[in-house]
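Student: For reference, the chains in residue letters:
Protein chains: 10
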Amino acid sequence: MLFYVSIKVTIPPETDPGTLEALKKEEVAHAAELEAQGKWLHVWRVVGKWANVSIFDVSDTTELHAILTGLPLYPFMDIEVTALCEMHPPAAKAV
Amino acid sequence: MLFYVSIKVTIPPETDPGTLEALKKEEVAHAAELEAQGKWLHVWRVVGKWANVSIFDVSDTTELHAILTGLPLYPFMDIEVTALCEMHPPAAKAV
Amino acid sequence: MLFYVSIKVTIPPETDPGTLEALKKEEVAHAAELEAQGKWLHVWRVVGKWANVSIFDVSDTTELHAILTGLPLYPFMDIEVTALCEMHPPAAKAV
Amino acid sequence: MLFYVSIKVTIPPETDPGTLEALKKEEVAHAAELEAQGKWLHVWRVVGKWANVSIFDVSDTTELHAILTGLPLYPFMDIEVTALCEMHPPAAKAV
Amino acid sequence: MLFYVSIKVTIPPETDPGTLEALKKEEVAHAAELEAQGKWLHVWRVVGKWANVSIFDVSDTTELHAILTGLPLYPFMDIEVTALCEMHPPAAKAV
Amino acid sequence: MLFYVSIKVTIPPETDPGTLEALKKEEVAHAAELEAQGKWLHVWRVVGKWANVSIFDVSDTTELHAILTGLPLYPFMDIEVTALCEMHPPAAKAV
Amino acid sequence: MLFYVSIKVTIPPETDPGTLEALKKEEVAHAAELEAQGKWLHVWRVVGKWANVSIFDVSDTTELHAILTGLPLYPFMDIEVTALCEMHPPAAKAV
Amino acid sequence: MLFYVSIKVTIPPETDPGTLEALKKEEVAHAAELEAQGKWLHVWRVVGKWANVSIFDVSDTTELHAILTGLPLYPFMDIEVTALCEMHPPAAKAV
Amino acid sequence: MLFYVSIKVTIPPETDPGTLEALKKEEVAHAAELEAQGKWLHVWRVVGKWANVSIFDVSDTTELHAILTGLPLYPFMDIEVTALCEMHPPAAKAV
Amino acid sequence: MLFYVSIKVTIPPETDPGTLEALKKEEVAHAAELEAQGKWLHVWRVVGKWANVSIFDVSDTTELHAILTGLPLYPFMDIEVTALCEMHPPAAKAV
Chain A
348 MLFYVSIKVT IPPETDPGTL EALKKEEVAH AAELEAQGKW LHVWRVVGKW
398 ANVSIFDVSD TTELHAILTG LPLYPFMDIE VTALCEMHPP AAKAV
Chain B
348 MLFYVSIKVT IPPETDPGTL EALKKEEVAH AAELEAQGKW LHVWRVVGKW
398 ANVSIFDVSD TTELHAILTG LPLYPFMDIE VTALCEMHPP AAKAV
Chain C
348 MLFYVSIKVT IPPETDPGTL EALKKEEVAH AAELEAQGKW LHVWRVVGKW
398 ANVSIFDVSD TTELHAILTG LPLYPFMDIE VTALCEMHPP AAKAV
Chain D
348 MLFYVSIKVT IPPETDPGTL EALKKEEVAH AAELEAQGKW LHVWRVVGKW
398 ANVSIFDVSD TTELHAILTG LPLYPFMDIE VTALCEMHPP AAKAV
Chain E
348 MLFYVSIKVT IPPETDPGTL EALKKEEVAH AAELEAQGKW LHVWRVVGKW
398 ANVSIFDVSD TTELHAILTG LPLYPFMDIE VTALCEMHPP AAKAV
Chain F
348 MLFYVSIKVT IPPETDPGTL EALKKEEVAH AAELEAQGKW LHVWRVVGKW
398 ANVSIFDVSD TTELHAILTG LPLYPFMDIE VTALCEMHPP AAKAV
Chain G
348 MLFYVSIKVT IPPETDPGTL EALKKEEVAH AAELEAQGKW LHVWRVVGKW
398 ANVSIFDVSD TTELHAILTG LPLYPFMDIE VTALCEMHPP AAKAV
Chain H
348 MLFYVSIKVT IPPETDPGTL EALKKEEVAH AAELEAQGKW LHVWRVVGKW
398 ANVSIFDVSD TTELHAILTG LPLYPFMDIE VTALCEMHPP AAKAV
Chain I
348 MLFYVSIKVT IPPETDPGTL EALKKEEVAH AAELEAQGKW LHVWRVVGKW
398 ANVSIFDVSD TTELHAILTG LPLYPFMDIE VTALCEMHPP AAKAV
Chain J
348 MLFYVSIKVT IPPETDPGTL EALKKEEVAH AAELEAQGKW LHVWRVVGKW
398 ANVSIFDVSD TTELHAILTG LPLYPFMDIE VTALCEMHPP AAKAV
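Chains as they are written, first to last, in the working numbering: chain A, 348 to 442; chain B, 348 to 442; chain C, 348 to 442; chain D, 348 to 442; chain E, 348 to 442; chain F, 348 to 442; chain G, 348 to 442; chain H, 348 to 442; chain I, 348 to 442; chain J, 348 to 442.
Pulled out of the complex, with its shape left as it was, chain A reads as follows:
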């Protein structure tokens, strides 16, 4: 089941740079794992912001919540979730 997830990251100015670097590395590793599992289907960065738009493919909403709240940078994320539905055949999608 697909969800569109818009994530905006805001780091408080007083955050320790070393801690932040470590969190970013964990985030990369964590994201790679979710990607390998086919959960984090797509992610694109929004130009000019520390923000991205993503598509997650999960078995249910509880799994999505667990994934999002388990992201290393979660405490700094403002997250908006939009439920999507898939359509067949593809050519019907835009109508």
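It is worth saying that the hints were derived from the structure and are not from the lab.
Within a straight-line C-alpha distance of at most 30 Å, the following computed DSSO-like cross-link-like pairs (lysine-lysine) qualify: (1) B/K355 to A/K355; (2) G/K396 to I/K372; (3) G/K371 to G/K396; (4) G/K372 to G/K396; (5) B/K355 to J/K355.
To be clear about the criterion: a stretch of chain C counts as covered by chain B if any three or more of its residues have a C-beta under 8 Å from a C-beta of chain B, and this derived list gives those stretches: (6) 405–414; (7) 421–431.
Okay, the calculated bits of chain A under chain B, using three or more residues with CB under 8 Å as the criterion: (8) 386–392; (9) 423–431.
All residues carry an ideal CB built from backbone N, CA and C; glycine is no exception.
Given chain A's structure and the hints, the job is docking chains B, C, D, E, F, G, H, I and J onto it.
Tutor: Leaving out everything else, chains B, C, D, E, F, G, H, I and J in the frame of chain A:
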């Protein structure tokens, strides 16, 4: 080059049902063509609305404008475009 | 899987009263059916508005979209969907 | 009498983790008690946020205010209250 | 139990002036009755708008909904309801 | 002359609890005085928030500004003022 | 007593041009009269809009309401009123 | 050339009171000077806020920017500028 | 003197296509003239919308108002004007 | 390819003045370089704010993201990017 495009369709209540059906059919054919050309990379419907979120892959912004304003349902669409950027390697995407 | 759905109904002033009454009756019958099936889990009316807040229990987002767009009054509804997750045990819910 | 209550929790980054853990435990205990009393009728977590949507069943607005301001995490909550009304028979609810 | 109710009236430009005048008269009579019953406790007009802010004193939310949707001008009203609570002694009210 | 005043109080988390308690006591005393003078005509607490809605009866806007900025908790208040007008006879108020 | 009034005029596209011209002429005459009486103290047009920002000097809010609702173009106006206060000496005004 | 300028002042709670008092005094002196030069044509305080609405009369936008950014309290100001135009004769202003 | 002007065009669905085509042609001719006079310095179309962002170079705000309200499509335009200032030397512009 | 970029700078009050001055100097040098390369086509300051509106001419969105996130003051910038398209001939631009 990738763009995130959010489209909301609003049909004025007085629209002739026959005209609308014809436009929807044209929209499906048109969308299928753009999909076959690799321009309309992804489209998902938003649950509970006549709206979708899409990813377009175009050579420049002028092409994107031509595509969007050429959609048969364009006169009824409220469109928001967000510039995206691709990242390599994928595991770096979330940071 | 649970979704919170906020529905606001707006009837264009020029709507034929007879047509509207017929749609309302269909809506009641349709809602009763969805309720009997355990899909439309809860619905409460918002005081002072033609609006309600609901909880739907569906197997996936595609089913939810089909249910919402199939409501007789759907063309007059402004719908917002929020993905929810269930928690166990209940006492953990508020934290 | 029913009220829809939307609660968003925001913890200032400088909060002491021990204090926060203690407050969370108190919140769980407190919520369980209100649930047992039939006051906190429903609570669901919003996916991707530290937020929930709830239904409270109280005898009046003063009781609701006392309950909400008495929650251990209240100082960190942004709360929106919407008055609901119950309808009979259920099948009439959606119209 | 007290509720703050903010009402904004918008009359579609094509409304028949005679119908509107009749509705206004009904509204005055209806309001006077609710006032006499002690339900519509206060009402003040907002300067520069066809809008008012009111305090209703009702036994429950279902009664409030019945009162508001029963107003002759209800179809033209945009209504926002805010639950209030009374405090004793009065001098404690502002804190 | 009447004004509707909506007040939202936000206390910075680092405020000293003793200072806050003292300010609250001053606020109660100050409010009682304004109430006794007939200036602070009504005040109701908004459920679920440290906020209230009030009606002030003042001789002019300069007096209202002096009253509001003189409240002990003023530095923590976000205040919105709406000019109201009184109508006679009461039954005409709602139209 | 001074009030800042922001007025935005929106004419429905189907308005009869002759009726509109007549209303505009009445508006000019009416405004000139209020200006001569010292009630409509200042008015400036907002660049690029049919909108203006004004200062009214009235004896009370009831008078202001009567003036604003008596403007010939009032049915097409969206009006926002902000209560102002005068300060002496002038040099103290900006602080 | 006239500009409407809306200024909202927000002082961070940790500001040193002595520094603030000094800045306020500078602001008064500075404002008096701009007033004497005919640049700061009007200023009124908004009731219930540390905010004002002003009319500036400047030779061009660069001068206005220099004036606003040169105000002693500028670092604490949130400023919105609206371009105005003067009309002749006055009686034409409101149309 | 420079102004940033954001223009959004909305054509009511019932507009006569012939009238609209004629207005568009007038708009092109009118725009070309303003461009030749050096008044309409820049104009770019916003992707996915009938909207553009422009820079106007005018001698004062009254001239800008006359230009904008004189555009053939003005009745269908929603216009926002932002005052800009030029800086020298260019390298100082971004700070 | 052109993009409209709106930049608002907010400096946290506790920022060290020396660090800020150094960053501003770097920003000027950096901006001058981008200007010399023809990437930062236009920049105008918004009157009354530390904000500017800019036009960037870049080969793709990835380059734009690299430029924006590489600005010395980027950590203090709130950036909005709007995709533009160029039109030929110029006289067609406004329609």
